[in-house]
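Engineer: Sequence:
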Amino acid sequence: MSKPSFHHALMVVLLCALPVMQVSANQAVTPLRVELPAGSTAASGRLLINLQPAELAEKNARDGVVRSVAMSPFGGITGTLIGMDVDWLAPGQPLAVDDAAQSYPVALSALPAGEYYIQAVLDTARDNNYGGSSDDIASKPVKITLGGGRDLPLLVLDQRSPAPGDVWDLPAEMPEAVRAQYAAAKPHVVELDQISGKLSAFWGRPIHMRGWVVLPPGYETSTARYPVAYWTHGFGGDVRHAFHTAVSYWNGMAKGGLPPMIWVMLDESSATGTHEFADSVNNGPWGAALTEELIPKIDRDYRTDGTAASRFVTGHSSGGWAALWLQVRYPKLFGGSWPTAPDSGDFRDFTGADLYAPNANVYRRADRTSIPLVRMNGKVVASFEQFAKIEAVTGPYGGQMASFEWVFSPRGADGRPLPLFDRRTGAVDPAVASYWRDHYDISHIITRDWNTLKPDLDGKIHLIIGTADTFYLDGGARRLEAAMRAVGAKTGFRFVPGRSHFDLGTVGEDRRALTRIIAWEMYKTARPEAQLPANLPVLELEPGH
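For the sequence shown, my numbering assigns the number 1 to the initial residue and increments by one for each residue that follows.
Keep in mind that a hint or two might mislead.
[Said to hold, decoys possible] Quick list of in silico lysine to any residue cross-link-like pairs, SDA-like style, CA-CA up to 20 Å:
1) K332 <-> A288
2) K143 <-> D158
3) K255 <-> A288
4) K140 <-> V65
5) K143 <-> P153
Think of the hints as simulated: they come from the structure by calculation, not from any bench.
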């Protein structure tokens, strides 16, 4: 899970339970209109309109100025989201938006009278479910009054964000000390960009595998070989997010906090979400491309040890699921996996929902109570239903739930993945759930295939998760641990009391403590004679783990 670049996931602290909206008959009859300014270029995409009560918008505004209005499944603010596809929007020709458009939680006409801020965004790349794009065209936020027969405003799409520059062009406000760290890392962080023959054949066009290779200090002046670790980000991340992680890891090695290793920071983002390096009938053979094309290239181009005993994989959230999956799917290739807070590896607890239960439903339990999806400090801040319905209004591509389906589901007659559940009711399709189980449920696969997997997999999974995981992913981890214990597997699961999805890696004041722990555990696996640092942080673990 986890919003890919990490900052989107952190926005979850802003999402609060949506209030019950009272229907008001006293609405303006003039429809809301959206327009590209005259003289601009025609455009198409997914039109998104966000409304937020003015009092709340102003309360949360920095310096008292409301600069944006937004609601997303990974964090947002109480309000209403409207979405509709726009096939063609010509400049100077207003487009009317009415109740025929999708909306959540209520239609525009059902909002109670009062003051609101409103903003329109034309998502021309249709990627706002995954974090947005510089191709978006927005209007300025406008304060309006609903009710009393007042006309609704014309929202002019005249705001564009600057296109992202080179990753090494740092923001002017970045402190000099941080700039120095990036400058020191630059000679040792190598861009990775390889066209995959397997993926290109699947898609019928060139498909790139991207990321960064981080070389340890002294690599260029020695002939030594090194262990190698493959890292990947969570949902919402991309190659730019991986870049900043790469710089951080090089500086960690330069300061002696991390052992000398080669790190390969992989981008697992795609137009459909995160492909998670799993072979899929929808996304293509990402696992085969990684293991048969990219990893052999890394071993050829760089001085890795070139053995499974010193080749490792790690990641957080959806990246954690990828790390877990790669170890189970290719147990001979990797010498150990360190997934942190991975998406569920057991679909009997898919963020709280049992996908195999009779009349399974991801919105409601058997007693009809709501299934929560996001919690903070012990408080539920979003339900599965809220999350999924906001995602559906934002668009059909790139969202977290749609991303799972692009990885796990069979392909439908229309060429798209079959949906796991009905977005209106939450009802699970048992045939799709069965396909998920047989192909991607890691607990099921380990249980079914343990006699074959055991010689190469036993003792290699080192899963770490907080007992208060923000997305309730600890439930699936406990199911996976129980399944592994049931077949007699050696388990290295660690449950950290009270830790959430986002503070799992912190020990005391050290926010990167878990990174250090994992890196040294990998290094010790590859170099058994190595001495661990005396100051290595120690995780406080749940009894029995």
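Engineer: Determine for every hint whether it applies to the structure shown.
Structural biologist: Structure-based check of each hint:
no.	hint	in the structure
1	K332 <-> A288	holds, 14 Å
2	K143 <-> D158	holds, 17 Å
3	K255 <-> A288	violated, 36 Å
4	K140 <-> V65	holds, 12 Å
5	K143 <-> P153	holds, 9 Å
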